[in-house]
Amino acid sequence: MDDFHILLPTLVIFAPTFGAIILALMPRDNVEGLRYTALTITVVTFVLTLMLLGGFDFDDPKMQHEVVAAWIPNWNINYQLGIDGISLPLVLLTSFICLLAMLASWSVTKQVKGYLILFLLLETGMLGVFMATDFFLFYVFWEVMLLPMYFLIGIWGGPRKEYAAIKFFLYTLFGSVLMLIALLMIYYNGGQHFDLVGLAEQAQDPEGGLLVDLTMQKWAFWLLFIGFAIKIPSVPFHTWLPDAHVEAPTPISMILAGVLLKMGGYGILRIAFPLCPEAVGHASTILVAIGVISIIYGAFAAMAQTDFKRLVAYSSVSHMGYVVLGMGVVGVVGAAHGEGFIGSDYWAMGINGAMFQMLGHGVSSAGMFFMVGVVYDRVHHRNINEFGGLASRMPLYTGLAAGIFFAGLGLPGLCGFVGEVFVVLSAWQFSKLMAIIAASGVILTAGYILWTLQRVYLGAEYKGPHEEALTPIRPRELIVAGVLLAFAILLGIFPNTMFSIMDDSIQHLANGMAGKIGS
Amino acid sequence: METPLAYYLFVGAVLFVSGIVCMATKRNGIAVLMGVELVLNGANVNFVAFAHYTPLGLDGQIVSLFVIVLAAAEAAVALAIALNFYNNHQTIDVDRGDKLRG
Amino acid sequence: MTHIDSKAWLLIIAWLLPLCGFVIEVFAGYWSHRCPGGRYKSRTAAYLAVGCIGGGFLLSLSALISGISDWGLLEHQTSHSQAAPLESDNPDAHATAHFTVANVPHGEDADTGETGHGGGQKYVSGEIYTLGTFGKLRIAIDYYVDSLTLIMFTMVTLIATCIHVFAIGYMDDERTEDHTDHQVHLADGSHLHRPGRFYLFFSYMSLFCFSMLGLVLAGNIFMVFVFWELVGICSYLLIGFYVERRSASTAANKAFIVNRVGDFGFIIGLMILWTSFGTFGFKSYTDGNDGAHPEPGLFEMVRDDHGKVDVEKTDHGSIVRIQDHDDKSASIPYWLLVAAGLGIFAGCVGKSAQFPLQTWLPDAMEGPTPVSALVHSATMVAAGVYLAARFFPVFLPEVLLTIAYVGAITLFVAATIAIVATDIKRVLAYSTISQLGYMMLAIGLGGWGAGLFHLITHAFFKSLMFLCSGSVIVGCHHEQEMPRMGGLRKKMPITACTMLIGVIAICGLAVPGVSLWGYKIAFSGYHSKDAIVATAMTYAHLNPAHSLLFLAPLVTAGITAFYMFRLWFYTFAGEPRDQELYDHCHESPRVMTVPLMILAFFAIFCAVGGEGGPLYTAISHSETIPEHIADSAITLPSHKQIAGYHQQAGILALLVAAVGTLLAWLMYGVGRPDPGIIRRQFAGTHEFLVEKWRFDELYDAMFIRPVHVVAAWFSSFDRRVLDGVLHWFAHTGVVLARWNRWFDESLVDGIVNWIAVRVQAIGQSLSVVQTGRLRQYVMFIALGVVTLFLLMFALFPQT
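Quick note, the sequences are listed as chains A, B and C, same order. Just so we're aligned, residue 1 is where the first sequence starts under the numbering used here, counting upward by one. Just so we're aligned, residue 520 is where the second sequence starts under the numbering used here, counting upward by one. Just so we're aligned, residue 622 is where the third sequence starts under the numbering used here, counting upward by one.
According to the in silico footprint, chain A covers these stretches of chain C (three or more CB under 8 Å from chain A): (1) 749-757; (2) 851-865; (3) 885-898.
Here are the simulated lysine-lysine pairs, DSSO-like style, with alpha carbons at most 30 Å apart: (4) K463(A) - K161(A); (5) K62(A) - K757(C); (6) K516(A) - K62(A); (7) K929(C) - K743(C); (8) K757(C) - K432(A); (9) K161(A) - K113(A); (10) K1261(C) - K929(C); (11) K1261(C) - K743(C); (12) K161(A) - K110(A); (13) K516(A) - K757(C); (14) K218(A) - K516(A); (15) K545(B) - K618(B); (16) K929(C) - K432(A); (17) K743(C) - K757(C); (18) K934(C) - K432(A).
Keep in mind the hints are simulated off the structure, nothing from the lab. From the three backbone atoms N, C-alpha and C, an ideal C-beta is built for every residue, glycine too.
Isolated chain A (complex conformation):
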């Protein structure tokens, strides 16, 4: 049993790779067989991640399921995996969204074998990123994830796929280069090892420190932050996102919005924050400003779009702004003297809210992209002004879509609300002005989502081409949408299920850093 638990993280990461090898050995003509095999693999991976959850101790803020093996001993690089309250929900989200995206992949008909293999490799990369506790290994997985994505957009994408794929790839690569520089800075300043847990302890040691020179630490922090902010994506590094989404096939859009964007937020929490605590204290104002600008900017930009997918992509920019905002309210620890009396709890709440926002957005945005995909598969256009009247033609689909869009709107009882509200609530202590601007986002969000719903689903008549193709939702689509909506509701009503996983680790992080920032 113990052996199995040690093996489990590795199994989780490489189960999809193993599946990809199996698929590679199968004949390319048996399309259905390939699909079902791939689906089975994702189900198995999901079950394995659930076993991770099963063996997880909710009250232990430290890394669990740790695996350490020397990989390149000359440079102290280890194959080191671990799970804590911050990564576990994201691991679950990844395997869950991959499973649903695989179900949604039936709409892909071109070169199915290659598609499925790349899909599974992508899943390996993403799971690896969330579970690696060795900085170098993290970096490797980060890059591993990049290539399949490039091909998935570049081969199976829409009309401007090459442009979008290259834009995505170069943008992210640029970010990883910055991360690489920071990696080297930290490596040579931190006793020449890559162990993230050890580095974090070193950095938060009240006596010593990791990057003792503050200027150096600030540089490292900003390099890391920009690297991750590109992934989130925060304004002004976001322009790759709309293009990538518009061109990517539906399931890949789901993964892109549902999981990939979270890697940025996760990277900030796992690497940038713990390793550069003092710099975070100095940077918090800018982080909060970036978050708030993203919220407002994304919402405004979404309102002006006429391409359905582009609109959803911009709404992602807006929603992920809350993540940056929630993490950035860190300064409250320092500013707490005199005004508040509870201190870093508000920051922990902000991070909790940000994490929840990531999960909620993972579900709701994946759902929104899927919903767009469902109509796109039928009528092959995405011009919002040429829809209308879907409510009477596809009533069940419209009901589900409305639910998922309401989740995106931040309606209480659905997943989008909790994260947004907790983040905004914790922001007030940091800066009243910023909090007010962020809160005003609720009006804009309501504006663009309701306006979209009206133009697409309501009304008497469908105004676009291929009217005859508007057939009711199919069972497979119904399963995907239904499951997503069900989870949106569950998360919205019982957010504590997730908070109970995350809270201890986040408190641990917040308390660890608080000492450094306060000083």
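On the provided structure of chain A, position chains B and C as indicated by the hints.
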């Protein structure tokens, strides 16, 4: 009473120059070969003469023996070439064989 | 689960029943419709919804009765007893009312002698489940039950039950597979045909009831916000029920977005409270404490046991000390607490359609009439008033003054627009806004009980009038324009009669000076409006600078009477103006008229006894009487002072209302002076009112268009500037690469090739020496040797 070294060297030089002149003037291939032999033997004389001053006293003789063997081999090959040359050109005049010019 | 009080249990079940109903209706309804030979004709969904909400009513009623016996809600509190009930000289009139003033202990001592539940503290509160915990911070789903909760629950469930029953009749034409929507014209000119959505309507209604009850049950302000949003979305769904109508979906969007503007303020209020107090709870838990010192709630933190706010002047401006907290020195800047109050009130402004966010409510009449009756008159819009009342202890005088002025402006503006509106539902909508303004005004003036009193009575008579209008609309085959009606009383006697009851109730008419068994001959609206006007009059006497707050409601009482009777005369009296419409008109079926009669009964009797009656007494048990704050420019009237002005105010209000009624009768009943002539004489004013004071145009120009412009800017900024920069980088990269290629191909390669060419040329020229002549080579060798020797001798002379 020893014969002075210069005598030997003189004989060697005469042989060498004779050989060179023979090679330079004769158009008959065989005669050129003979010139070569003269040159080699002129050198052999010098080796043997200098050997007297070496610690062992026999080094020159040994080198000379090598040279003789090599000369024999060389002569054999050269004669074979000459024969072939004759078969192709009906002559052994070396001036006629300028096919290797650049 | 920890111990939960039985009243709370009853209410929680009453709250969850409609949710179960919703889930069943929405799923079962959908699938049964899709079945082959679908069961469109089934009324099951409606029966289920009625059952759920009716069950909820019974549970709430038993909770109310239990509350009455536990807490003695019908006994006057001594602290309030100065408001001597005018008719208390005849106590045996109402069996359950005990006007035993003397039996209750005097002063605040009653509150301090806590003997467990229902002793001094007349509320129960506890946790249902936790949403999240962050260190000491905790956000949960709580319940808070006091007399106000109980009464609101009973009122909401009762009215909702009546309206649900009414809706069975009203929505009957949706029970078909091929419903024709005459208001939607397709591109080919035909009307829209669609399957009916009978079940969907009732599932939305159930969801709404759940949300509304949750809002009332909420034990903390965060939960209020949660359900605040949920009722908002239900309202959105119900207004936009006819999704095919563009006007309906636009109105739904408008309603939700305008509400969101208010919610924006609400969130700011939440942020301030959360950051300053670290809790959202109203009051400390009474259930599930296990003897530990309970975490104090907001009300206990702002005010001490005597309703006093501890204000202190410091160098940085005034601060308010936070009571009952671990940290004795904890405080909040005075202005921040004012801002928090204003923020929360902004939410109320949105939800209750107060000035300046009133524009959404008239448009919301696009929804089916039962929705207008339930959501947009009786319950949801009153939630704003409810919250303002619930949060009363946190409001500082500045906030209250703002509330009062907002209420006063609203009630006047809306009433003026109602004069010229011709759509029967819109008249009622403006009347609702105006009445909500009255309630807000009352709360702002410190007339807490009066405002809530009016909330309850208004809920009954306004839902009654909406249902009557619904009955008229169904009778007239979906005609809503009053100028085409007239004389309908002959065709629809029950509707006309019940409507008249509602109209009299809202106008506040009464028979002065005469009483029957000690009770005034007056409908419910008289009592509550009387209470408000009396409060306003007292307030104006205490604070002469704010006399406007008295004039506005007084004048508007006349306007109200005018436009309400105008509506009634227009619709029911006189001769038919459209004979064809009249001929096809018919009285509604029993399923619709019975709810009308029930509501009419309550519209008459619910406020019986006025401020001495059971309803007001029960409400006033939840009142927090704010202590006067030092240095405050405002003096809030006490109950005793109000009682002094009551008589005077009552007569004034009655007089004004009578004038309004008379004018309406003359103009629309008799026809002299002719309304048409007056309209022409005041053409400018008339147009201004018809255009609703041009608020819509103003907001369109001020907000909506700028937002779209900014959105377009941001979008093009993205495309032009950000992508432009990116493309510039990409382009520069390509140009650099080209340069690199040129450098590589012409310079680096050039040098290498030049060397190669030179070497080849030298070799070429040297090949001349290669003659192929053997003897020449021999000569070369010989000469070479000689040359070497010569060189050696020349260069290395013997050492």
